[in-house]
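K.L.:
Based on the sequences and whatever the hints tell you, model everything.
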Amino acid sequence: MQKVAEIAQKRAIQLLNQGAVNRVLGWKKGEFPYDETPAVFASADELKDFVYDSFSSPNLSKYLIEESRKEGKVLAFLKPCDTYSFNQLIKEHRVNRENVYIIGIECGGMIDVVTLKNRGAVGLTGADDDGENITAHTLYGDVKVRKEEVLLEKCQACKGKKHVIYDELIIVNPQDEKPRDRFAGVEAIEAMTPQERFDFWRAQLSKCIRCNACRNICPACSCLQCVFDNPKSGVASKASPDTFEEQLYHIIRAFHVAGRCTDCGECSRVCPQDIPLHLLNRKFIKDMSAFYGEYKAGEDSETRPPLVDFSKDDVEPCIISDKGGDR
Amino acid sequence: MLKIKKSDLNKLYAAIAERQTLYIPCNVSGKVNYAVWGEGADVDLSTLKTVRSAKEVFFPQCEDIVSFKKEGKNISVKSDHKESEDFVVFGVRACDCRSFDILDRVFLSDPVDTFYKTKREHGTVITLACNRPEESCFCFAFGIDNAEPEGDIAAYFAGDYLYWSPKTEKGLNLTKTLNSLLLTATDKDNDALEKEQNNIRQTNERLPFYGLDLSVWGADGLLEKFNSEKWKELSEACVGCGACTFVCPTCQCYDVRDFDKGNGVQRYRCWDSCMYKDFTMMAHGTPRPTQMQRFRQRFMHKLVYYPSNNEGIFSCVGCGRCVEKCPIHMNIVKVIKAFGGEKNE
Ligand code: SF4
Ligand code: SF4
Ligand code: SF4
Ligand code: SF4
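Chains as they are written, first to last, in the numbering used here: chain H, 289 to 615; chain C, 1204 to 1548.
Note that these hints are calculated values from the structure, not bench results. A hint or two may mislead.
Label pairs and their computed distance ranges (CB to CB) [unchecked claim]:
| hint | chain 1 | residue 1 | chain 2 | residue 2 | range |
| --- | --- | --- | --- | --- | --- |
| 1 | H | K358 | C | P1490 | 35 to 43 Å |
| 2 | H | E604 | C | K1464 | 47 to 55 Å |
| 3 | C | A1541 | H | K358 | 43 to 51 Å |
| 4 | H | R468 | C | G1424 | 46 to 54 Å |
| 5 | C | T1321 | H | D333 | 27 to 35 Å |
| 6 | C | V1459 | H | F486 | 27 to 35 Å |
| 7 | C | N1512 | H | Y428 | 33 to 41 Å |
| 8 | C | Q1494 | H | D333 | 45 to 53 Å |
| 9 | H | T481 | C | N1213 | 30 to 38 Å |
| 10 | H | E437 | C | P1490 | 22 to 30 Å |
Beta carbons are placed, not taken as given, at the ideal position from N, Cα and C, and that holds for glycine.
P.N.:
Structure representation (structure tokens):
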């Protein structure tokens, strides 16, 4: 990974010097191994703080909504899953493709700091990644864990190592495509009784502190003014007065991103209460593929998404009649 | 100094809860937050930082204030203010405990916030020393001693015991009701405890933020900081969520909202975040139209405005929650350092 970062940094400087781009969107070193911040670098000097390793989890695509509208071309480093988000934004006419130079960058999976800490790495001050294992240096000694076990949820269910849009690639260590099951969690919930399911979601969603991090980080949530921020809606996006409103918020949001959510996993990554929001989105993804044929949002930038397309053979799923009730 | 065996802690919780509501960090659905203790509660005193801070016990995220109801041609108005009952909050870390002082200066100065005041009067705070400070902690930068926390009663883990030291009238009164459970510590105990406290202070010296220096911050240089070019770069990646403010023990802003109930209105208050677009929205619009301005507000308030109204005291206690929870890892430490707030080793 160290190598990948060096190549990326060199290439960025080269493209800046050639005048092919006038700035670079990447990740900036923090205080610890894990607190990297997305940043725009404008010079070789600024790029000294560029970093790319198994903690570069933030998806940079959403920043390109603004960045691609500015003067001049921006170089953006996108991981495989980030390229799906970018493609989807092209489809929704939210980014100006012409103004972005994309380097698809290899990804060996990103680490979930919360899981790493839960596995004993409390007081985390450093981490070494040899591809197989993570050796975490902490204030209280070293902790060694298998990398596979501390990956972010989104990486445990990785969509694949293919970049679906790019101008060039940086791949030093080609990654194996391990078959990943994205829907086991959804199936477990489908297998619950309605009461169990209700209890599960109520327990999870009532932890919500309405910080809106899930919405604000989401590349599909690109509305300039969210409906929940509209004072005339009668609800306050920052208040968590009762569990009902929390459930409403999450379910409406999941509906609104259905067919557009690329499963980039950012919502679950950023939630301070570790609410498994990806399960809501994946339920929609799973059902849409079942009803309308396999569909992956962001896989390309042209095809019509199933929910804005119409054909006479479309299914008419009805939960009420399926369960034997009156329509 | 008193003590109780760790294995007897459940008895202690039960004895407190028999008389008063007991708030204590519990693992609920996988995360640790303050919750009301009941038989079978999954108490977790080893997790250092609850997601929501202890301030929610005194200043809940949402709170009804007053309701209005239409009755024929009249409107009836009913205040939702009630006197709080006595309660106990257990397991408060030194940083969170200091945050109460910061909130007091806001809510208890004129005009007094009666909703907050009654809870402060009726709450007994039992703090807990931090045996294992974490990389994001920097309480010491604000003169807070995590080995000797403030509060009505200070508690400490060492060896097989929880040590217990009442510090105020309230603390003594609560201790009296628990006499049958608490033993007197011996000299040997006191030595063990002192050793543990020294350990904690030595660990602090190994923490990444140990050298953090706030001398460039405070009431002076307001305009110079306000106009600094640095805010643009610092705020660049901020997504304008409220995660940093809602986990923060010292953030004190709230919004007042009306909920339309059809035949009346429920007026409530809820935590607000200066990171939000509608923060301090007025008839003419918002005074901070860009995220840079909103971002600057959060840190200027904590490091400059609050100190200039409060004898130089900062409105941050170094709990490090924002350091851990920001989705893009921008935080108060990076801001402090960007303006030169690091000691040369
Ligand atoms: S989902 Fe796949 S491409 Fe995306 S960060 Fe994880 S491993 Fe990398
Ligand atoms: S990030 Fe988590 S806590 Fe914040 S609003 Fe979303 S679900 Fe709620
Ligand atoms: S600083 Fe971080 S947590 Fe705070 S509003 Fe910005 S993105 Fe959200
Ligand atoms: S600003 Fe950050 S470190 Fe300071 S008290 Fe608030 S959450 Fe804690």
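K.L.:
Run every hint past the structure and note whether it holds.
P.N.:
So, going through the hints one by one against the coordinates:
{"no.": "1", "hint": "H:K358 <-> C:P1490: 35 to 43 Å", "verdict": "violated (25 Å)"}
{"no.": "2", "hint": "H:E604 <-> C:K1464: 47 to 55 Å", "verdict": "violated (37 Å)"}
{"no.": "3", "hint": "C:A1541 <-> H:K358: 43 to 51 Å", "verdict": "violated (23 Å)"}
{"no.": "4", "hint": "H:R468 <-> C:G1424: 46 to 54 Å", "verdict": "holds (53 Å)"}
{"no.": "5", "hint": "C:T1321 <-> H:D333: 27 to 35 Å", "verdict": "violated (56 Å)"}
{"no.": "6", "hint": "C:V1459 <-> H:F486: 27 to 35 Å", "verdict": "holds (33 Å)"}
{"no.": "7", "hint": "C:N1512 <-> H:Y428: 33 to 41 Å", "verdict": "holds (40 Å)"}
{"no.": "8", "hint": "C:Q1494 <-> H:D333: 45 to 53 Å", "verdict": "violated (26 Å)"}
{"no.": "9", "hint": "H:T481 <-> C:N1213: 30 to 38 Å", "verdict": "holds (33 Å)"}
{"no.": "10", "hint": "H:E437 <-> C:P1490: 22 to 30 Å", "verdict": "violated (48 Å)"}
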